[in-house]
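Protein chains in written order, with this note's numbering: chain H, 71 to 527; chain Y, 71 to 527; chain Z, 71 to 527; chain E, 71 to 527.
Any given hint could be a false lead.
Which copy is meant is left open, because identical chains are indistinguishable; a pair holds if it fits in one copy or across any two.
Said to hold, decoys possible - Dumping the calculated DSS-like pairs for lysine-lysine here, alpha-carbon to alpha-carbon at most 27 Å:
#1 LYS264 x LYS448
#2 LYS334 x LYS313
#3 LYS74 x LYS311
#4 LYS440 x LYS334
#5 LYS377 x LYS421
#6 LYS302 x LYS232
#7 LYS409 x LYS76
#8 LYS218 x LYS191
#9 LYS191 x LYS437
#10 LYS334 x LYS264
#11 LYS192 x LYS218
#12 LYS192 x LYS377
#13 LYS218 x LYS302
#14 LYS437 x LYS472
#15 LYS311 x LYS76
#16 LYS437 x LYS264
#17 LYS264 x LYS409
FYI, nobody ran anything at the bench for these hints, they're computed from the structure. All values reported here derive from a predicted model rather than from experimental measurement.
Protein chains: 4
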Amino acid sequence: MFDKFKEECGLMALWNVPEAANLAYLGLYAQQHRGQEGAGVVSLDRESGKFCVHRGLGLVNEVFANYDFSQLVGRAAIGHVRYTTAGGNQLTNVQPFFSEVSTGNVAIAHNGNLVNAEALKKNLIAEGSIFHTTSDTEVILHLIAQGKNKTARRELIFNAIKEIKGAYSLVILFDDSLFLIRDPNGFRPLSIAKLGEGYVAASETCAFDLIGADFLRDVEVGEVVEIDRDGKMTSHFPFGKTKQSPCIFEYVYFARPDSQVYGKNVYGRRKAMGRKLAQEHPVEADVVIAVPDSGVPAAMGYAEESKIPFELGLIRNHYIGRTFIEPQQAIRDFGVKIKLNSNRDCLEGKKVIVVDDSIVRGTTSRKLVKMLRDAGAKEVHLRISAPPTTDPCYYGIDTPEKSQLIASHNDIEQIRQYLDVDSLGYLSQAGLYESVEAEEGTFCDACFSGNYPIKPA
Amino acid sequence: MFDKFKEECGLMALWNVPEAANLAYLGLYAQQHRGQEGAGVVSLDRESGKFCVHRGLGLVNEVFANYDFSQLVGRAAIGHVRYTTAGGNQLTNVQPFFSEVSTGNVAIAHNGNLVNAEALKKNLIAEGSIFHTTSDTEVILHLIAQGKNKTARRELIFNAIKEIKGAYSLVILFDDSLFLIRDPNGFRPLSIAKLGEGYVAASETCAFDLIGADFLRDVEVGEVVEIDRDGKMTSHFPFGKTKQSPCIFEYVYFARPDSQVYGKNVYGRRKAMGRKLAQEHPVEADVVIAVPDSGVPAAMGYAEESKIPFELGLIRNHYIGRTFIEPQQAIRDFGVKIKLNSNRDCLEGKKVIVVDDSIVRGTTSRKLVKMLRDAGAKEVHLRISAPPTTDPCYYGIDTPEKSQLIASHNDIEQIRQYLDVDSLGYLSQAGLYESVEAEEGTFCDACFSGNYPIKPA
Amino acid sequence: MFDKFKEECGLMALWNVPEAANLAYLGLYAQQHRGQEGAGVVSLDRESGKFCVHRGLGLVNEVFANYDFSQLVGRAAIGHVRYTTAGGNQLTNVQPFFSEVSTGNVAIAHNGNLVNAEALKKNLIAEGSIFHTTSDTEVILHLIAQGKNKTARRELIFNAIKEIKGAYSLVILFDDSLFLIRDPNGFRPLSIAKLGEGYVAASETCAFDLIGADFLRDVEVGEVVEIDRDGKMTSHFPFGKTKQSPCIFEYVYFARPDSQVYGKNVYGRRKAMGRKLAQEHPVEADVVIAVPDSGVPAAMGYAEESKIPFELGLIRNHYIGRTFIEPQQAIRDFGVKIKLNSNRDCLEGKKVIVVDDSIVRGTTSRKLVKMLRDAGAKEVHLRISAPPTTDPCYYGIDTPEKSQLIASHNDIEQIRQYLDVDSLGYLSQAGLYESVEAEEGTFCDACFSGNYPIKPA
Amino acid sequence: MFDKFKEECGLMALWNVPEAANLAYLGLYAQQHRGQEGAGVVSLDRESGKFCVHRGLGLVNEVFANYDFSQLVGRAAIGHVRYTTAGGNQLTNVQPFFSEVSTGNVAIAHNGNLVNAEALKKNLIAEGSIFHTTSDTEVILHLIAQGKNKTARRELIFNAIKEIKGAYSLVILFDDSLFLIRDPNGFRPLSIAKLGEGYVAASETCAFDLIGADFLRDVEVGEVVEIDRDGKMTSHFPFGKTKQSPCIFEYVYFARPDSQVYGKNVYGRRKAMGRKLAQEHPVEADVVIAVPDSGVPAAMGYAEESKIPFELGLIRNHYIGRTFIEPQQAIRDFGVKIKLNSNRDCLEGKKVIVVDDSIVRGTTSRKLVKMLRDAGAKEVHLRISAPPTTDPCYYGIDTPEKSQLIASHNDIEQIRQYLDVDSLGYLSQAGLYESVEAEEGTFCDACFSGNYPIKPA
């Protein structure tokens with residue numbers, strides 16, 4: 071509904087933890103913002119070697135409504151939430167995938183996107199493989215399945231990931247071990263925690279908080295973490311030392327503010343972006359407001375730095391359903407109003423600074439500006455806590471085509487005119503890196519810069 | 071899920087407006103926070119005299135999912151959202167009620183609670199009436215039905231409301247007129263707006279914003295507003311001048327912050343409560359946080375007044391479903407964690423002031439405090455932006471019995487100990503009245519004072 | 071789907087029987103053919119005086135799917151299955167109705183149709199009554215409710231049924247007694263059985279067989295049977311001696327063949343109709359077939375009498391759903407084929423006698439004849455085991471308007487031509503009475519004769 | 071619910087027929103008795119080369135309720151109904167299966183059971199294949215997928231079916247051709263019809279009747295029928311001449327009486343079995359009745375031969391749902407009574423011959439006998455229109471284990487005593503072959519004889 075980039079997936083994995091499947095479900099729930107169209111859990115009962123699967127379309131809560139977790143036996147599990155992109159929203163595409171392969175049973179869940187999946191798939195089909203999903207993740211499963219009987223699991227995985235190119239954080243469950251993997255660029259996050267005698271992994275640390283696990287460390291860029299039958303954790307770097315480029319947009323928008331991503335608190339980084347934005351684009355005004363909820367921390371940072379009071383100028387409706395029946399005589403700005411209402415008393419006759427984290431197509435922003443003016447705002451100054459998003463992502467984020475990104479073919483002044491704001495300021499690339507306390511070029515910033523660490527297909 | 075008082079109903083009414091039913095549905099959606107367990111719309115096609123009804127259990131969006139509004143014909147409609155209390159959550163109790171009576175067809179929707187419903191019902195049954203619901207609202211319908219054929223609708227209504235006692239904001243739709251009513255105490259709100267050539271009424275003005283109607287005025291305390299077939303609005307005061315006592319808790323918690331209630335912006339009043347609270351109960355601290363979302367405006371007011379920075383110390387999960395499957399080895403403070411997570415970076419090693427609007431049983435607050443301490447808060451100072459809630463409500467709010475209200479049988483120090491906070495401060499009664507810019511005693515404050523404007527049954 | 075008259079309701083009642091509600095449900099299931107669009111059970115726990123209700127739209131099995139019968143407490147219950155006619159298929163119209171009236175709680179279920187319901191309803195509304203359903207049965211409830219507090223239940227009922235005119239078999243449950251009633255004409259059946267120490271009543275005796283109750287006797291025409299708190303059964307005849315006219319069509323089509331109706335086995339009567347039909351309308355042929363399933367007993371009787379072999383020339387599909395998606399290039403006789411297929415080997419090159427129980431509009435019969443000819447039948451002779459249906463029913467059977475009844479405006483030869491059969495023979499009125507072993511005029515045969523025992527409204 | 075063997079599948083295929091998918095659905099509906107737990111249709115739009123799939127759990131009617139057939143584009147389609155046996159009732163096992171393989175897209179549906187599926191599957195997995203279902207049919211798909219790019223489709227199929235052993239009637243849809251296959255034993259039926267310019271195939275000819283297709287011939291035993299892009303039909307016999315053994319039980323129970331199976335009318339064969347049974351096991355009696363519906367034709371044959379009248383002594387309830395809530399004080403013979411009721415008037419004081427087609431475990435038969443005795447039958451003589459079922463089937467029929475078949479470890483007298491009948495007679499093996507007009511040994515009769523044409527795994 072909002073005009074935003076969309077994270078495509080969230081992962082969970084547990085090893086040697088009681089009620090693993092139930093905790094996987096809760097960990098997925100905490101990461102629901104990373105994918106709302108499908109969810110699943112595969113558990114492993116190590117004594118019997120039995121894997122159990124439950125997957126479905128919809129929110130975690132819908133998929134597991136009234137579910138009896140005693141059906142997902144075992145002290146090991148992996149889980150996945152999914153936002154559908156290519157391939158349509160079909161049940162067969164919901165992860166984790168599970169299959170019997172030459173070397174035993176295996177379950178896999180994937181956050182990211184492979185850039186060479188189509189080519190690999192074509193080869194595999196030519197050699198007699200049958201694909202049952204339209205997901206690039208199934209390619210990885212087939213690559214693992216090509217291995218021979220006696221090969222160590224670790225080797226199967228090394229061989230498979232040497233074939234694939236692109237973004238992948240993976241959790242892979244065998245009947246005697248669990249693997250946690252980040253690709254050599256480390257595009258997507260993956261963190262490890264301790265829970266009792268066992269281990270937990272998740273895309274975001276907010277999952278650990280809910281289930282009471284203690285954060286240990288991130289899976290490192292290019293690392294393959296193996297947890298074996300005895301619970302011993304070993305670390306492998308099959309690609310050796312690589313040039314990392316984790317996604318900077320996790321800080322800007324995707325991650326929950328209470329998560330620690332790449333070792334740092336997201337909320338803190340967003341406030342810093344807001345403060346920096348106030349330094350780069352100051353303006354005289356009466357009030358700072360946010361586009362809730364993602365714009366709130368940056369707006370608070372802007373207000374703090376600028377000494378202009380922060381107010382709740384836009385109120386979010388908490389009962390948003392999936393579809394609304396609009397009257398034929400359309401209500402002005404209906405799509406925005408159904409989610410947000412202006413709080414007239416904070417706006418009427420005021421010079422308003424409104425802070426948001428990004429502008430994708432610009433359509434929603436334009437309606438919001440109109441709504442603020444209708445509520446009596448005398449001036450509207452839009453501030454964006456990131457650089458202009460000029461290029462699409464090929465590493466696991468759902469973005470429109472380049473031509474639809476307003477900043478891909480308009481300069482700031484043109485965007486300002488289109489949005490009908492009195493002024494418009496984006497945080498600079500340098501400002502963004504400063505806000506996340508990193509040197510320029512140490513993240514993937516392709517959506518702002520067009521510099522793609524791996525060439526898309 | 072939260073330990074709060076609950077508003078029981080929200081109303082909508084439209085007269086001489088195209089697509090009235092569709093707008094009623096949207097107005098109910100905007101007021102969803104006033105009742106989440108049932109919703110309905112009755113429309114009137116004045117040309118044919120036909121009334122159409124659609125009602126169901128669940129959220130507005132669920133009740134009207136894929137609904138074809140062309141089935142709800144006409145330029146007049148009333149609607150209702152409901153939170154179930156007595157009588158169980160049955161479809162038959164979902165309003166608006168519609169019936170054929172001696173003087174024509176009539177539909178009715180009610181926000182409030184009658185204190186003499188049982189006695190009236192007993193009499194009506196003794197005289198041969200049959201009740202089909204367990205709702206007190208049906209009594210009003212029967213009282214109207216007792217009237218004779220030739221009686222003017224206005225008289226039917228005057229006669230009916232002179233029998234009933236308690237809290238009632240009513241919208242009543244006849245085939246030739248619409249009535250908007252507030253009881254002589256004016257317990258519950260009801261406002262009027264203009265839309266094109268017609269009129270709209272709603273419990274809260276946020277409904278007007280969504281459908282683009284222009285706020286006109288409140289229905290006055292004890293007023294019967296009649297809108298006749300020609301769209302002419304006339305005003306009646308069948309009880310003459312009365313001593314008003316509208317519900318002050320609408321300002322504290324029930325209403326949406328972007329609504330104007332009793333003529334004033336709710337958000338502004340809540341910030342004022344926070345500022346006053348800071349004056350009455352100052353404490354040295356590093357950070358002010360809110361219990362989201364209802365505590366946010368007061369927390370911002372407290373921060374503003376105290377000059378202590380406001381931070382997002384508790385993060386709300388936006389995907390809360392209705393039930394969760396908890397593991398058997400229960401997670402500590404599960405019920406709170408599923409909705410809120412502590413944001414450790416804002417809390418660790420800090421003296422924290424946490425602002426909430428009310429404490430009912432105290433159970434949730436206690437868990438929240440524990441969660442803050444677990445996140446490393448050095449001190450926790452709880453501030454409540456209203457006086458202690460010591461007494462139940464009998465005027466349309468769902469409250470626990472007196473014995474379950476923690477403040478009914480514990481003094482402040484006892485509550486402080488139970489909640490395990492370093493200090494606890496409630497806004498005073500005087501402070502609350504000052505915050506809403508009114509003289510003491512001009513509102514119903516029975517839940518704080520035990521002073522009931524009308525004796526409960 | 072079939073072109074038939076439709077029975078509108080089936081009743082169950084139990085008094086002083088363990089698990090009464092569960093048995094009521096099974097008794098309704100056995101009588102499912104009497105109404106497929108709604109079902110309900112009201113139970114009474116006599117110790118607490120509590121009535122419990124469960125009703126829903128659909129088949130008995132759907133309404134009670136996964137239902138927990140421990141919610142329907144008590145050793146007394148009444149139940150109802152319903153075929154919707156007037157008033158639309160709404161949940162509020164599903165019986166039994168239950169209400170609190172001046173003299174206590176009462177539940178009622180009704181098989182039949184009142185001819186003066188509209189007039190009575192108008193009066194009741196003028197006096198202040200509120201109707202919640204569009205069912206004529208609610209009128210009876212209101213008439214009972216008019217009675218005063220001290221009146222004996224028996225008097226309440228006598229007073230009510232003296233006001234109503236038309237067809238009514240009723241089961242009425244008070245907190246201390248159960249009433250079983252047939253109107254003074256006895257239009258619709260109602261039978262009594264013994265089960266353990268208690269009593270059971272049902273529209274058809276097949277319900278007794280399923281639950282293991284022993285048939286005792288029919289409720290007599292014009293009888294009010296009262297079973298009091300001590301389980302004592304008394305009999306009342308408030309109308310004195312009346313001229314009876316039970317529905318003869320129960321024998322022809324409505325009742326299950328294994329039921330005893332008005333004291334006689336339905337299957338036996340239907341075979342007798344077939345034998346008589348063979349005497350009245352003999353024809354040289356190779357084979358006798360039936361339109362399954364209702365035509366089977368008469369076809370067997372015809373075959374027996376005529377010595378022509380009976381074969382399964384039409385095979386019924388047992389998995390008929392409610393709707394079918396027909397291709398755009400319509401299949402010939404689709405509507406019939408979906409239910410019945412011709413069995414070519416019994417038909418090809420044969421002279422075929424096909425026996426059915428009735429022709430209503432004639433549309434289905436015509437398609438069936440075509441199907442038989444397509445399967446190679448050399449001659450098709452249609453025999454109907456009842457007289458031509460010329461007039462609609464006003465006593466609880468769903469029939470089309472007179473103008474739509476093919477026999478209302480066509481003579482036999484015209485019908486024969488329309489149906490394209492080689493010969494057509496209907497059982498005579500005298501033959502029908504002989505088959506049911508009764509004197510002419512002792513049943514209601516209005517649908518064949520137009521002689522209405524009570525003038526319709 | 072009944073104690074019967076169960077057919078596992080039904081097939082449909084259409085080539086060059088308008089609205090192919092809609093007709094496939096209707097053809098499956100006509101064959102619903104061959105599988106009630108899942109259904110699916112895959113269509114092919116030859117112009118675009120696009121395959122479309124719709125599958126689901128439940129009856130055909132449920133799976134396609136409100137389905138929009140315009141989504142299943144094209145003039146070619148295959149369909150499948152399924153009765154679940156091994157592997158559980160999961161959506162992924164519902165056929166037709168569809169996949170992209172090295173040589174293009176392919177869809178497949180299978181009636182039968184492979185005896186070497188597990189061994190083949192193991193090899194395929196060892197070579198890197200991934201299985202997504204627990205169905206033996208997926209093995210065939212993988213064998214086809216092993217073929218190389220340039221191989222003709224016909225060769226792919228020959229290579230695949232030379233690997234598999236067991237029972238298989240197959241319909242296989244490529245983007246340019248349709249294949250219809252029966253295994254070298256011809257265990258399961260498959261017939262071809264003409265519809266307009268195109269072809270239709272179905273497991274049973276009753277499917278042709280519904281959609282108006284004209285029966286052409288059976289697919290012969292061991293034949294591979296290929297219909298190419300130009301609609302030309304060619305015939306191949308990759309196994310040369312083989313010893314056929316089609317399933318004789320299709321005549322006894324599985325097929326619909328109105329179908330032509332292996333060139334003969336099923337109803338006629340069943341009547342012949344009844345006549346032969348009367349010759350082999352005559353007994354003096356008053357009445358012949360059937361266990362409906364499958365026992366009816368044989369009972370009619372028995373009556374015809376014995377000159378004892380055939381009556382409807384057991385009446386079937388037509389509204390059987392899937393589950394029933396039984397009272398705790400169980401009703402005697404509940405499980406039988408819910409489906410069948412005795413018709414006392416035909417039974418009381420009579421010597422009764424009851425005809426059924428088979429006895430599997432004997433539990434239901436025993437209850438039926440008791441029900442007949444309770445209804446007053448003086449003597450009960452049970453006649454079975456087939457030999458004793460002593461051995462399980464491994465060729466696509468769901469049968470209990472050998473130990474559960476009552477005739478596997480009891481002689482006739484022991485069974486007679488267990489069932490408590492006055493006499494018991496089974497049709498002899500010779501009598502059965504005579505009834506189907508075939509020489510002994512020309513069918514698979516393993517369930518009667520233990521002579522398995524192919525050794526089970």
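Up to 27 Å CA-CA - LYS218 versus LYS192, copy category: Answer is both; intra-copy 21 Å and inter-copy 13 Å each pass.
Alpha-carbon proximity context of LYS409 and LYS76, limit 27 Å: Close inside one copy (18 Å) and across copies (22 Å); limit 27 Å.
Within, between, both or neither, where LYS218 and LYS191 count as close if Cα-Cα is 27 Å or less: both (19 Å within a copy, 15 Å between copies)
Intra- versus inter-subunit Cα pairing at 27 Å for LYS334 with LYS264: within (19 Å within a copy, 51 Å between copies)
Intra- versus inter-subunit Cα pairing at 27 Å for LYS377 with LYS421: both (14 Å within a copy, 23 Å between copies)
27 Å Cα threshold - placement of LYS264 relative to LYS437: The answer is between: 23 Å across copies meets 27 Å, while 46 Å in one copy does not.
Intra- versus inter-copy proximity for LYS472 and LYS437 (alpha-carbon distance at most 27 Å): Within. Shortest intra-copy distance 22 Å satisfies the 27 Å Cα cut-off; inter-copy 48 Å does not.
Up to 27 Å CA-CA - LYS311 versus LYS74, copy category: Cα proximity of LYS74 and LYS311: none, with 34 Å in one copy and 55 Å across.
Alpha-carbon proximity between LYS218 and LYS302, which holds within one copy, between copies, both or neither at 27 Å: within (25 Å within a copy, 45 Å between copies)
Same-copy or cross-copy closeness of LYS191 to LYS437 [CA-CA at most 27 Å]: Classified as neither: same-chain Cα gap 43 Å, cross-chain 51 Å, threshold 27 Å.
Copy assignment of LYS264 with LYS409, given that the CA separation must stay at most 27 Å: between (39 Å within a copy, 23 Å between copies)
Up to 27 Å CA-CA - LYS76 versus LYS311, copy category: neither (30 Å within a copy, 58 Å between copies)
Comparing the model with each earlier hint shows violations of hints 3, 9, 12, 15; every other hint is respected.
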